[in-house]
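**Q** Using UniProt numbering, you'd call the opening residue of the sequence shown number 1 and step up by one each time.
Since the hints were derived computationally from the structure, they do not count as laboratory data.
Using N, Cα and C, we set each Cβ at its ideal position, and we do this for glycine too.
One thing to keep in mind: the hints can contain errors.
Pairs of lysine to aspartate or glutamate residues, derived as DMTMM-like cross-links and limited to a Cα-Cα distance of at most 25 Å, are as follows [stated by the list, open to error]: (1) K97 - E86; (2) K101 - E111; (3) K92 - E111; (4) K82 - D105; (5) K98 - E86; (6) K101 - E86; (7) K47 - E32; (8) K82 - D114; (9) K67 - E154; (10) K97 - E111; (11) K102 - E45; (12) K150 - E45.
Estimated spans, in silico, between C-beta atoms of each pair [claimed, not checked]: (13) T2 - W126: 20 to 30 Å; (14) L155 - P134: 15 to 25 Å; (15) K94 - G132: 32 to 42 Å.
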Amino acid sequence: MTGYTIYTDGACTNNGQANARAGWGAYLVNPEGKTLKLAAPVPLEQKQTNNRAELLAAVEALRRCTKPGPITLYSDSQLLVKGANEWLPGWKAKDWKKSDKKPVDHRDLWEQIDQFLQERDVTLIWVEGHAGHPGNEVADALADLGASGKRIQELGAMTATA
1 MTGYTIYTDG ACTNNGQANA RAGWGAYLVN PEGKTLKLAA PVPLEQKQTN
51 NRAELLAAVE ALRRCTKPGP ITLYSDSQLL VKGANEWLPG WKAKDWKKSD
101 KKPVDHRDLW EQIDQFLQER DVTLIWVEGH AGHPGNEVAD ALADLGASGK
151 RIQELGAMTA TA
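Please take these sequences and the hints and turn them into a complete structure.
**A** This is the structure we're talking about:
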């Protein structure tokens with residue numbers, strides 16, 4: 001293995017409601033084949049939405065890719081993948097405004113994602129959620145744990161199922 005493989009996911013209970021609680025999860029495999037499972041809630045002072053959790057998962061996972069080499073990030077979030085692969089240049093050119101002239105939501109996270117894309121060899125790939133992709137299923141379970149308030153940082157060895 002020559003680079004990182006990452007699966008990320010976000011979750012939010014009661015998304016869009018006052019009592020919403022969001023969390024994120026990430027499953028990383030580093031160039032040596034070692035794994036890292038991460039989960040955490042979205043901080044309470046931040047907007048509690050599934051979309052914020054999806055973006056935060058990517059930021060937190062990418063921050064942990066400290067060794068050189070390509071990074072492949074898989075996500076079931078169309079917002080994350082299309083945003084990074086298609087929309088980001090237009091948002092930046094329009095001073096962080098969308099085509100409807102409204103500000104881009106979660107600009108703080110998009111700016112961090114943009115920085116990673118400029119500094120590293122990052123490829124984002126969309127995978128269908130809940131469709132049996134083992135790494136995505138691990139990230140999904142971790143995101144659910146994060147939304148429930150749990151924090152996880154677990155090192156391990158790559159398994160045949162992930």
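**Q** For the pair supplied as a hint, K98 and E86, confirm whether the alpha-carbon distance does not exceed 25 Å.
**A** holds, 12 Å
**Q** Given a hint of 32 to 42 Å, does the C-beta separation of K94 and G132 actually sit inside it?
**A** Because 38 Å falls inside the window, the suggested range holds.
**Q** Mind checking the hinted window 20 to 30 Å against the Cβ distance between T2 and W126?
**A** holds, 22 Å
**Q** Are the Cα atoms of K82 and D105 separated by 25 Å or less?
**A** Measuring from Cα to Cα gives roughly 14 Å; hence the hint holds.
**Q** Tell me if the straight-line CA distance from K97 to E86 falls inside 25 Å.
**A** At roughly 14 Å apart (the allowed maximum being 25 Å), E86 and K97 satisfy the hint.
**Q** Does E45 sit within 25 Å of K102, going by the straight-line distance between their CA atoms?
**A** Measuring from Cα to Cα gives roughly 23 Å; hence the hint holds.
**Q** Take a quick look at whether K150 and E45 sit within 25 Å of each other, Cα to Cα.
**A** holds, 17 Å
**Q** Measure nothing beyond the straight line between the CA atoms of K47 and E32; if it is 25 Å or shorter, mark the hint as holding.
**A** violated, 36 Å
**Q** Take a quick look at whether K67 and E154 sit within 25 Å of each other, Cα to Cα.
**A** holds, 18 Å
**Q** For the pair supplied as a hint, K82 and D114, is the alpha-carbon distance within the 25 Å limit?
**A** holds, 13 Å
**Q** Take the C-alpha atoms of K92 and E111, compute the straight-line distance between them, and say whether it is at most 25 Å.
**A** holds, 9 Å
**Q** For the range 15 to 25 Å, tell me whether the beta carbons of L155 and P134 fit it or not.
**A** Since L155 and P134 have Cβ atoms about 18 Å apart, the given range 15 to 25 Å holds.
When each numbered hint is compared with the structure, a violation occurs for hint 7 only.
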